[in-house]
Amino acid sequence: MAYEERNVWVGLIVSLLSVAVYIWLVLSAAGGGPLADVDWVPFMVWTIVGGLVVSIGVSFLWGRIMARRNPDDVGTSDQRDRDISHMSTRVGQAFLLIAGLGVLVLCAFEADWFWIANTMYAGFALSSIIGCIESVIAYRRGLV
Amino acid sequence: MVKPTRVTNTIRSVREESGLTQAELARRVGVTRQTLIAIEQGRYSPTLELAFQISRVFGVGLDDIFHYPEESS
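Protein sequence lines correspond, in order, to chains X and D. Okay, so the first sequence: first residue is 6 according to this note's numbering, each after it adds one. Okay, so the second sequence: first residue is 9 according to this note's numbering, each after it adds one.
No wet-lab data here; the hints were simulated from the structure. Quick reminder that beta carbons are idealized off the backbone N, C-alpha and C, glycines included. Heads up, a few of these hints could be off.
[As the list claims (entries may be wrong)] Chain X is faced by these chain D residues, among others (derived, beta-carbon under 8 Å):
1. R36
2. V39
3. Q42
4. T43
5. A46
6. L58
7. F60
Could you put together the complete structure from these sequences and hints?
Laid out in structure tokens, this is it:
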């Protein structure tokens with residue numbers, strides 16, 4: 006598995022776990038009550054920051070392990086990696102656009118901060134997860 | 009989502025005739041071994057520049073390595 010493909014796998018798994026943990030924390034804090042009453046800011050900040058730290062750490066450790074097997078592949082990327090990255094970015098941007106429009110609509114109706122922030126968070130999360138899935142498919146099945 | 013390419017290539021056979029490994033050819037044209045495998049298997053269409061680089065390693069023309077079917081009338 007190439008260096009960039011490993012990073013995509015790490016990004017996908019960490020994104021899924023991060024979102025799952027965030028949803029679990031918010032639902033646990035709500036305890037069956039209104040979600041808008043939950044103090045969501047620390048949960049969101051810590052799951053995003055935690056996800057970034059874990060992602061960097063796992064990528065680094067996986068890279069070190071693979072470097073022992075094949076030192077030539079360490080940190081190398083090429084045109085195919087860039088093509089796949091561009092493709093997944095385009096796919097991911099669609100979800101950011103939808104989330105942005107959703108935020109505008111929620112603001113127009115003066116929705117609670119919770120729903121505005123979490124709509125944008127959902128856009129970022131979907132953008133990342135769907136982008137990673139598209140990348141994995143392109144690495145496995147091909148990009149032509 | 010991913011449509012198959014109509015461009016085919018004979019990199020694998022030419023490479024094996026030349027006694028080059030995938031890793032060696034990949035290193036000489038500046039891509040990862042995984043990318044070279046994807047090109048050989050038709051899962052990735054190389055850029056024109058990379059196609060020229062691959063052909064040049066074997067000292068042959070682009071048409072000797074990469075093929076595109078004639079349009080049927």
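Check each numbered hint against the structure and report the violated ones by number, ascending. Violated hints (numbers, rising): 1, 7; every other hint is consistent with the structure.
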